[in-house]
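**Q** Each chain, written out:
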Amino acid sequence: AQSVTQLGSHVSVSEGALVLLRCNYSSSVPPYLFWYVQYPNQGLQLLLKYTSAATLVKGINGFEAEFKKSETSFHLTKPSAHMSDAAEYFCAVSGDFGNEKLTFGTGTRLTIIP
Amino acid sequence: GAVVSQHPSRVICKSGTSVKIECRSLDFQATTMFWYRQFPKQSLMLMATSNEGSKATYEQGVEKDKFLINHASLTLSTLTVASAHPEDSSFYICSPNTGQASAKETQYFGPGTRLLVL
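As you go down the protein sequences, you meet chains B and A in turn. According to the numbering used here, the first sequence is numbered sequentially starting from 1. According to the numbering used here, the second sequence is numbered sequentially starting from 1.
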């Protein structure tokens, strides 16, 4: 069984500041990990995913995440926040092949302060 | 990326009405379809998994007689909420998948259908 925990349901950062959204996972098999973004009244959009090829994963819109097995973490970062980054972010984990059903975290709402 | 459509995008209905939600994968064949729902300020929860031409598998706590899933073709799956009640008000999201085991495959999601039952 897999699960993810997102620490912090709300995160606020100033425009231009570092964005750090935390995600810890639990998995009985090597995990595939994902970060999705959801803008208001829209569906999910994949930001990036970890598939065991490289521990540092670069995604769209300047986001990246690092897989740390020793810490069971997959935190999402962006060096400089933009106003357009304001959205809900979900961390998710899936099973062996990475294309199976996803288990989502509870989400983190990111607010950007002008 | 792949295009997934859902119809309707938003529906308001009276309690007791049945509501059908369609999900189409427009440029690939979806052997498997995942249906999720998302209650306000909560995360997505998997409701059921269906494979084309066979019965859906429901997650624990999801009533199969209330949430009827039809996956008759590789490009269309429908979710029917039978006799909807206010507690069924939610955001329903489909996620089609080709069913091929590949780490390179990206999971796509429909834009969602917001259901409000009065």
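Hints listed in this document are in silico derivations from the structure and should not be mistaken for laboratory results. One or more hints might be untrue.
In silico lysine-lysine, DSS-like type, Cα no more than 30 Å apart, as pairs [said to hold, decoys possible]:
#, chain 1, residue 1, chain 2, residue 2
1, B, K69, A, K55
2, A, K14, A, K64
3, A, K55, B, K101
4, B, K101, B, K69
5, A, K66, A, K41
6, A, K14, A, K55
7, A, K20, B, K58
8, B, K101, A, K64
9, B, K58, B, K101
10, A, K66, A, K14
11, B, K68, A, K66
12, A, K41, B, K101
13, A, K41, B, K58
14, B, K68, B, K101
**Q** All the hints need checking, so say for each whether the structure fits it.
**A** Checked hints:
no. : hint             : in the structure
1   : K69(B) x K55(A)  : violated (37 Å)
2   : K14(A) x K64(A)  : holds (21 Å)
3   : K55(A) x K101(B) : holds (17 Å)
4   : K101(B) x K69(B) : holds (22 Å)
5   : K66(A) x K41(A)  : holds (23 Å)
6   : K14(A) x K55(A)  : holds (28 Å)
7   : K20(A) x K58(B)  : violated (38 Å)
8   : K101(B) x K64(A) : holds (18 Å)
9   : K58(B) x K101(B) : holds (23 Å)
10  : K66(A) x K14(A)  : holds (16 Å)
11  : K68(B) x K66(A)  : violated (42 Å)
12  : K41(A) x K101(B) : holds (21 Å)
13  : K41(A) x K58(B)  : holds (27 Å)
14  : K68(B) x K101(B) : holds (22 Å)
Comparing the model with each numbered hint stated earlier shows that hints 1, 7, 11 do not hold.
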